[in-house]
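Asks: Residue numbers (the numbering used here), protein chains in the order written: chain A, 1 to 377; chain B, 378 to 761.
It is possible that some hints are incorrect.
Facing chain A, according to a computed beta carbon distance under 7 Å, are these residues of chain B, among others [what the hints assert, rightly or not]:
#1 T399
#2 L401
#3 I404
#4 R465
#5 E469
#6 L471
#7 S514
#8 N561
#9 N563
#10 L565
#11 F567
#12 Q678
#13 G682
#14 F696
#15 T726
Please keep in mind that the hints were generated in silico from the structure rather than gathered at the bench. From the three backbone atoms N, C-alpha and C, an ideal C-beta is built for every residue, glycine too.
Take a look at the letters that make up each chain.
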Amino acid sequence: MRRRLKRFGAIVRKEIVQLVRDRTTLGIVLIIPFLELFLFAYAVDLTVDHIPTAVADLSLDSQSQAFIHALEISGYFDMEMYLEDEAAVVRAIDEGRARAGVVIPPDFAAQVERGRGQALILLDGSDSFTVQSGYGAAVAIAQDRALKLMVEKVSRMGASLGALPISTSTRVLYNSTLDDMVFIVPALAGILLQVLAVNLTAIAVARERELGTIEQLLITPIRPIELMIGKMVPNILVTAFDMLSVVLLGVFWFGVPFRGNPWLFAWLSLLFLVSGLGMGLLISTMAQTQRQAQQGSVLLMLLSMLLTGFLYPRAPMPPAVKVIGNLIPLTYFVRIVRGIFTKGVGLSFIWSDVVALAVYGGVVMAVASATFRKRLD
Amino acid sequence: MLRRIWAVIQKEFIQTLRDRRTLLIQIALPLIQLFLYGYAIRMNVDHIPTVVVDQSLDAASQAYVDAMVVSGYFDLVGYVPSQAEAVRAIDEGLALAGIVIPPGFGARVVRGGAQALLLIDGSDLFTSQSAYNAAASIAQAHATEVLTAEVARSGQALRLGSGQAGGQSLLPLDARVRILYNPNLNELWFLIPGTLAMLLQVQSITLTAMAVVREREVGTIEQILVTPIRPGELMLGKTVPNVCIALVNLLTILGLGIFWFDVPFQGNFWLFLWLAFMYVFSGLGLGLLISTVSQNQKQAQQLIGMFTLVGVVLGGFVFPRYAMPPAIRVVGWLFPLTHFIPIARGIITKGVGIAFLWQQVAALFVYIVVIMVFAARAFKEGLD
């Protein structure tokens, strides 16, 4: 046991020396998550409003102007240009100068009076975000305006209609103001750290193999699992530092509330980082060259971004695709981080993900050492 | 000069072809990814698991819950007795939404001013957006229905909608929404052009990112330096074999998108091919630049991770760029993806020609020139 510890200590020391010696790389590793967090947090705007809109108002009467005004004050549509007809509006969307268009036919006021006013809303169907927010907003605004007109009319005819018979109030739990930062920052911490962790170890073994130093390691009495854990330890320190700073930045700079237990979160983050680093090691032992290792880690990065529930919801994905997501540590951590950070729930609500992550970390390390041993021949 | 470039091209080709496994990975990966993402990514969430707290249990409350369920957006997973229980179900992740109907709902509907409460899990972005929008419009539609029924009962409906046949809709104003280019809101039509652009960028950056730094680390760069080759020629020579791989990627991805996922190609195919070729070139140039400025492969690896991740987010693949703050938009110009996404969507989905896209094309062209000059410069400086 003591000899084992000694061997292990030697590897850790070697890795730390190598890590600290390469100041530039260390600097890059420490700075990258900040940079990304800043860029992403400011770039991601989930509820798309102020859609650039072109208008063709063929009526130019009070009703048409009231309707356009209603669209504009909703904040969803910015009326940026007034054009002469529908073809011109379509052209503006073709050119990409506008993303939405409003076309109001001639005689709008009279039509509304007679009860069949029809306005046409055009949306740029090459951009799904615009369509999603534009569609919902346009329909809601039109309906709202129609109801108002109807109530007005009925009351002019002498009857009285009170308030709307039913109204729904919506409460968005954990994020009552639908703040983008609350959605994005916790899971963002997860993906940034996973990418960093995987990249750190992904070329660790492949590099020794490519440079030939692996032979020197092999003639020492070190065992594969000891080598793997030894390569991991210094990187745990680096990534834990990154994780801490990203979370602090999120809470204090971006003002995202942290609702759960910080210690529980710290322990689980550590578990997550270990499984991320383990994943990197597995890629590294499987790859023959650093180039392959790099391809592998880039692939893992894209998969993590798109399949783990970080960005796109996992619920509508087909089962086979979900299974692939289950092979990535981030899938479990996204639920954990949202649970603790955003919802403020405790271990009893997320235990299944915690267990999965722990099992995952163990399995990945075992497989990495086994692959390493097999590769020696 | 041509002979020197040719020599580098030959060397690179031999190195590429020798490593069969890497080559296979490079050709297969983007294809597999498009396949996965084509099936995986759905932004419009429906069938949201929902719990109901119905404290009225009368006809009006049932009608309201029914309206929510038949919309297809909400799936009933169970009834719970109280609002606290509903919140708990959302805490545990059993449901993502909850509908709470207070006691005496039916009576309030008749008097006007009934209130229902919708709870939404705010930790998941697309779900809360979809649920929010769906609930708002369903509630509004339901309210309108109840209101018109009421008006009809009071006998004034006939005069109100005098011009209407049958009088099925009494609303005086109606907005028709037409989605250009994608009238049926087929999500794949949204997704495939952007995914194609994204995969090509990631692939092209990755292909060359190790090119120079690897020679430096293994020590073969010294051998290249003693030859009469110039930096610019070396850069060009290193790009060519990778252009071939990237073009294979382009064609296979495009084929999969068009023939397997049935995404219609509206524009001019040859125009698209030429512009995609330029685009691939700019990505390879960016990879080369990363490769020349990195001191070892570990650094290159981290930089690529960052560039691909940031490029995907700022380039407009996921989130529309016009919604970003101006400073962030400028950062986005650093990525070829930013210039190519409007081209891909323009030609594939909208079917427009070069007259509408010349700005992006010009930007892409300038990008290539600048990036290659920078890469050659950085290489020269790195020599000392």
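Asks: Min Cβ distance, B/E469 to chain A: is it shorter than 7 Å?
Replies: B/E469 check passes; min Cβ-Cβ to chain A is 5 Å, inside 7 Å.
Asks: Are B/L471 and chain A close enough, Cβ to Cβ, to be under 7 Å, as the hint says?
Replies: Interface hint status for B/L471: violated (10 Å vs cutoff 7 Å).
Asks: Under 7 Å, Cβ to Cβ, is where B/G682 needs to be relative to chain A, so tell me if that hint holds or is violated.
Replies: 5 Å, holds
Asks: For the hint on B/F696, does the least C-beta distance to chain A fall short of 7 Å?
Replies: 6 Å, holds
Asks: Does B/F567 pass the interface hint, meaning its C-beta sits closer than 7 Å to a C-beta of chain A?
Replies: Holds, because the Cβ-Cβ distance from B/F567 to chain A comes to roughly 4 Å (cut-off 7 Å).
Asks: So, B/L565 near chain A? Judge it on the closest CB pair being under 7 Å.
Replies: Result: violated, 11 Å to nearest chain A Cβ.
Asks: Would the hint on B/R465 stand, with a C-beta cut-off of 7 Å toward chain A?
Replies: 9 Å, violated
Asks: Grab the minimum C-beta distance from B/I404 to chain A and call the hint holds if it beats 7 Å, violated otherwise.
Replies: 11 Å, violated
Asks: Closer than 7 Å between Cβ atoms is the bar; does B/N563 clear it against chain A? Give me holds or violated.
Replies: 9 Å, violated
Asks: Under the criterion of a CB-CB separation shorter than 7 Å, is B/L401 in contact with chain A as hinted?
Replies: 10 Å, violated
Asks: A closest beta-carbon separation below 7 Å is what the hint needs, so does B/T726 meet it against chain A?
Replies: 4 Å, holds
Asks: Against chain A, run the beta carbon of B/S514 and see if the smallest gap drops under 7 Å.
Replies: Given a least distance of 6 Å, the restraint on B/S514 holds.
The structure fails to meet hints 2, 3, 4, 6, 8, 9, 10 from the earlier list, while all remaining hints are met.
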